[in-house]
Amino acid sequence: MKRIISLVLAIAMLTSIACILSSCNNDKDKEQIVIRVLENDFAKKNGYLQVLLDAFNEKYKDYNVIAVDADMDEYSDLENDGPYGYGPDVLYQANDVLMKYVDGHHIYPIDIEALECYDQIPQNAWDAYKAEADGKTVYCGVPVNVQQPLLYYRKDMLPANWETEWNKNNNDVPDMVEFWNEMYRYSAQIRQNDKSKFGFALQLNNEYFNSGFLFSYGGYVFGKNNTDDTDIGLSNGNAKLGAKVIWDLAGIMDEKCADDSFTNARTTMLANGTIFATICTPDITTNFLKDLALEYQNQGLSEAEANAKAKENLVIASLPMLPAAGDITANVDVTDSSLWTRQKTMGGINGYGISSYSEHKDWALKFVEFATSAEMVQKRAEMLGIVPARGDVIENIDNPATEITYNNLDDGTLVVMPSISAVKQIWIPISSGFKQIATDGCTDRKYTLNDLQAILETIDDNIYKAIHTFSE
Amino acid sequence: MKNKIKKLATFFRESGKETYASMAFMGVGQILNGQFGKGMLYMLTEIAFMLYFGFTGITDIIGFFTLGTNKADAWAGIVGDNSVIMLLRGIFAWIALAGLIWMYISNIKDAHFYAEEKHNNKMLPSLKNDISSILDKNFYKAALFLPLLGVAVFNILPIIFMILIAFTNYGGKIVPPELVDWTFDSFKKLVVLGELSQSFVKILGWNLLWAFASTLFNYFAGLGLALLYNKKCVKGKAIWRAFPILAYAIPGFITLLAFKYMFSNGGPINNIIVDNGGQIIDFLGINSKWMARGIGFFINAWLSVPSIMLLATGVLSNINNDLYEAADIDGASSFLQFRKITLPFVIFSTTPVLISQFIGNFNNFGVFFFLRSDVLSDGYFLASDTDLLINWLYRMSIDNNYYAIGAAISLVIFAITSIVSLSVYVRSAAYKKEDTFR
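Note that the protein sequences, when read in sequence, are chains S and C. Position 264, counted from 1, in the first sequence is what my numbering calls 264; the numbers after and before it change by one each time, with no gaps. So the mapping is simple: my numbering equals the position in the second sequence, first residue as 1, plus 1000.
Calculated from the structure, these hints are not laboratory results. The structure presented is a predicted model; accordingly, all values stated were derived computationally and were not measured. A couple of the hints might just be wrong.
Take a look, some chain S residues computed to stay more than 10 Å from chain C by CB distance [what the hints assert, rightly or not]:
id, residue
1, D71
2, A114
3, K197
4, Y208
5, N225
6, A308
7, A324
8, S338
9, Y357
10, G412
11, I428
In the SDA-like style, the derived pairs of lysine to any residue whose C-alpha atoms are separated by at most 20 Å in a straight line are [as the list claims (entries may be wrong)]:
id, chain 1, residue 1, chain 2, residue 2
12, C, K1173, S, I420
13, C, K1173, S, D228
14, C, K1173, S, W427
15, S, K465, C, I1174
16, C, K1173, S, E132
17, S, K465, C, D1399
18, S, K465, C, D1073
19, S, K424, C, D1399
20, S, K446, C, D1378
21, S, K465, C, V1201
22, C, K1173, S, G223
23, S, K197, C, I1273
24, S, K197, C, V1201
25, S, K366, C, V1201
26, C, K1173, S, E79
27, C, K1173, S, D231
28, S, K195, C, N1271
29, S, K130, C, D1073
30, S, K424, C, V1201
31, C, K1071, S, Y357
32, C, K1071, S, A133
33, S, K424, C, S1397
34, C, K1071, S, D103
35, S, K136, C, D1073
36, S, K197, C, K1189
37, C, K1173, S, D134
Pulled a few chain S residues facing chain C out of the computed Cβ check, cut under 7 Å [to be verified]:
id, residue
38, G104
39, K256
40, S471
Quick reminder that beta carbons are idealized off the backbone N, C-alpha and C, glycines included.
Build out the structure end to end from the sequences listed, making use of the hints.
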């Protein structure tokens, strides 16, 4: 009897083990590959991410793979999450954010030449994702869109006589949006007539929008093409002239330029006519248009008329030219091109990268390829108003910012944010230094060029200290 | 010391085979005593500990010292060592070892005690009796076990981790997959680096001033409000009390953001000033050191006074009115009554709260983080002139990834707050005369 019971028990045990093992194997067979995608909040909010995920999942529906929203904070840190298995498989970030992960090998190198989009994206954009690692050149991201500050102004706020009085070089472009000196003069006029209004207005302690003034006169962030963090050069060359431009611009504004007041209210202020022009990135264009259309509707226009009028009157242009001598308060001949220099701006390249900790890098790469295809990039540009990095998509986009930005990237006027991890430590020192310049510029106006140079040197010093004091 | 050695020698001399058996293997002595259930539990515990130490514990303790020898490389597929995880696991292994030692000693004492009881022909408790005792007479042990475990894992472990981080070079470019090492450099740099130590002294001075001034002001303002609302002549007390409670009920960071907006250069306060013909005041600007400090002080009071007011209202309702009547008959003035009756009573009851307010204010991160985190001031090492130590610590450890130096600063903060609060507390009436008002 005992033997029979033992035999039955043994058979039952073996059967259970066999069932468990087979169910494990079945589970493994059925296990779906999940690609977690970290996108920016703007793309999520405007529905683009869902469109992208749906399109990818539809295309690969027969492959037991699904792409999902990683559902993480857009600024979550791969360095902290990735090694423990919490990070996304695919990340969409600006080049400075994505490339800070290269040192720790958290972001995976991509064979970019094998990608369909390779030939369509200019080398300057690819360079934003280039890194030297272990003596080799690697690329750790695929560019999707180009970000650059551009000039936004109201055509209907131009003086009625601009074609005769503000078109000295007869190119039918208002001088005030073509030359900083003329913008300064026009803004001063507006301020003189009505103290509650501004011509040009901008948050002057914004490091991203204003660093370009320094770059235009020889300043740079890091040496050796933004790769050497021991060489901080914001005070390099005649960068103090760029600082003086910021200081002079503060003179045609008020204390609001020294904090985020103008940034918070820029779309409303431009819409209600408090400001004539400002600088912004193309992703905010829809907000400008919306507020301006609303303003026109309040003035009695129908929704369709208001939208059309807003589209007509909101002009996006390249940043004005700077005087080669660096004094925007001087009267400089706008017909003599030798007296002017193109303004450089700091820009960024947003793109996709693949986490080194992804268990399905092949599928992550397939997702990146899909998301950077012409069709999806065009959709992204249409839905989010971004400037695509793909040349073939540019031709199909009806957005004035597109051509300007693309050309600036091509000719080097757009200085791409450094792609090394130390870039994280540059922002607060720059912002604080600019705040100091702007504060004096709009109040006491006591600074001399030497003072401005000293402030730039302090910025350099603070950045160096932030990066190196405890690293050595 | 000599006595202790003598005591130990006597213990060993007088121990029987049960004690030695338990020394050799936990639980054997208990089994020899006839306490099988308990003995088995002790044995299982030792086996569990041995398995833990065999599989990972010893490696974790070695890792605690080395903090890793094999660098990870995600590109090459090398998993490698993660120094931070190794440190955490090492701390856990040390705690487990301490637990094992404690269990081992308790096992020997238990075997020894019950062996003697057995020799004296006393009835030994069974496992069932022990369990009943834990659920009845010694219920506090059962009730406190889980909370204690929680405190060990969620409080003690992170605190030890943070303290130990201060003695490493973790931070900057030394973050995983780079391997971290033990070093005293953070403390050295805090003292030796000229600019750093100067900033530290300046920030510490301001931090102490801020903590003392705001604690005292908030405390007396809250008490004052409570006294005011307690006055018989005040009509509609409930409505008046509702205002500070409303301010208290709104989440602090929303209040801080609202105040930042109100005091910004384009905010409503400046708009009112400009509309009335004045000039914009740069309340929180780069040159507004004392104005920004003052605004921070005011905002902190806005956030803290209501809680003190509520507390004081409760405390005041407990004061015996006879005391005031007697004082009136004796001809004491209102101020004298306040000084001799109200204040001692309120201070007695609220000293621990006062201390927690001081610590809270000393470590008040939110106010200046929201108001002025975009400013670096001249003469300060990557800090603004309104930063408290906790803000500086944040800038170091979060903005610049210098975790070790951040941990070193937090140790200094911990030392200061604990010294001040402990010395105030042990000198306070609340501690010395605990039974006075019972």
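Structure-based check of each hint:
1. Annotated as non-interface, S:D71 keeps its C-beta farther than 10 Å from every C-beta of chain C; the closest such distance is 23 Å.
2. Its beta-carbon lying about 17 Å from the closest one in chain C, S:A114 satisfies the requirement of being farther than 10 Å from that chain.
3. S:K197, annotated as away from the interface, keeps every beta carbon of chain C farther than 10 Å; the closest lies near 13 Å.
4. Non-interface call for S:Y208 relative to chain C: holds, since the shortest CB-CB distance, roughly 13 Å, exceeds 10 Å.
5. Under the 10 Å C-beta cut-off, the non-interface status given to S:N225 relative to chain C holds; the minimum distance is some 20 Å.
6. For S:A308, the requirement that its beta carbon stay farther than 10 Å from each beta carbon of chain C is met, with the minimum near 31 Å.
7. No Cβ of chain C comes within 10 Å of the Cβ of S:A324; the nearest lies about 30 Å off, and the non-interface call holds.
8. At roughly 38 Å from the closest C-beta of chain C, the C-beta of S:S338 stays outside 10 Å, upholding its exclusion from the interface.
9. With a least CB separation of 6 Å from chain C, S:Y357 falls inside the 10 Å interface cut-off, contrary to its annotation.
10. Chain C leaves S:G412 outside its interface by the beta-carbon criterion, the shortest separation being 30 Å against a cut-off of 10 Å.
11. A beta-carbon of chain C comes within 10 Å of the beta-carbon of S:I428; the shortest separation is about 6 Å.
12. For the hint pairing C:K1173 with S:I420, the CA-to-CA distance comes to about 12 Å; that is within 20 Å, so the pair holds.
13. Taken as a hint, the C:K1173 and S:D228 pair is honoured in the structure, with Cα atoms around 15 Å apart against an allowance of 20 Å.
14. Taking the CA atoms of C:K1173 and S:W427, the gap is about 18 Å. The hint holds against a cut of 20 Å.
15. The suggested pairing of S:K465 with C:I1174 holds, with an alpha-carbon distance near 16 Å, which does not exceed 20 Å.
16. With a CA separation close to 17 Å, the supplied pair C:K1173 and S:E132 stays within the 20 Å bound.
17. Taking the CA atoms of S:K465 and C:D1399, the gap is about 13 Å. The hint holds against a cut of 20 Å.
18. Restraint check for S:K465 and C:D1073: the C-alpha separation of about 29 Å exceeds 20 Å, so the hint is violated.
19. In summary, the hint linking S:K424 to C:D1399 is supported, as the alpha carbons are separated by about 8 Å, within the 20 Å threshold.
20. For the suggested pair S:K446 and C:D1378, the alpha carbons sit about 18 Å apart, so the restraint of at most 20 Å is met.
21. Taking the CA atoms of S:K465 and C:V1201, the gap is about 19 Å. The hint holds against a cut of 20 Å.
22. Proximity of C:K1173 to S:G223 is assessed by CA-CA distance (about 19 Å); at most 20 Å being required, the pair is judged to hold.
23. Simply put, S:K197 and C:I1273 have alpha-carbon atoms about 17 Å apart, close enough for the 20 Å limit, and the pair holds.
24. Between the alpha carbons of S:K197 and C:V1201 the distance comes to roughly 45 Å, so the proposed pair goes past 20 Å and is violated.
25. Between S:K366 and C:V1201 the CA atoms are separated by roughly 55 Å; this puts the pair beyond 20 Å, and the hint is violated.
26. Restraint check: the Cα-Cα separation between C:K1173 and S:E79 comes to about 12 Å, which is no more than 20 Å; the hinted pair holds.
27. Pair hint C:K1173 plus S:D231 holds up; C-alpha atoms about 17 Å apart against a cutoff of 20 Å.
28. Only pairs whose Cα atoms come within 20 Å are accepted, and S:K195 paired with C:N1271 is accepted, the gap being roughly 13 Å.
29. Proposed proximity of S:K130 and C:D1073 is supported: the alpha carbons are some 19 Å apart, at most 20 Å.
30. With a C-alpha separation of about 27 Å, the suggested pair S:K424 and C:V1201 falls outside the 20 Å cut-off, and the hint is violated.
31. Distance restraint check for C:K1071 and S:Y357: the Cα-Cα separation of roughly 16 Å lies within the 20 Å cut-off, and the hinted pair is therefore satisfied.
32. A distance of roughly 16 Å separates the Cα atoms of C:K1071 and S:A133; the hinted pair therefore holds under the 20 Å criterion.
33. Restraint check for S:K424 and C:S1397: the C-alpha separation of about 13 Å stays at or below 20 Å, so the hint holds.
34. Our distance criterion of 20 Å between C-alpha atoms is met by C:K1071 and S:D103, whose separation comes to about 13 Å.
35. Using a Cα cut-off of 20 Å, the hinted pair S:K136 and C:D1073 holds, with the two alpha carbons roughly 16 Å apart.
36. Only pairs whose Cα atoms come within 20 Å are accepted, and S:K197 paired with C:K1189 is rejected, the gap being roughly 51 Å.
37. Only pairs whose Cα atoms come within 20 Å are accepted, and C:K1173 paired with S:D134 is accepted, the gap being roughly 17 Å.
38. The criterion of a C-beta within 7 Å of any C-beta in chain C is met by S:G104, whose closest approach is roughly 5 Å, and the hint holds.
39. At a threshold of 7 Å, the smallest CB-CB gap from S:K256 to chain C is about 4 Å, leaving the interface hint in force.
40. Look at S:S471: its Cβ gets to within about 4 Å of chain C, closer than 7 Å, so that hint holds up.
Hints 9, 11, 18, 24, 25, 30 and 36 from the earlier list are contradicted by this structure; the remaining hints agree with it.
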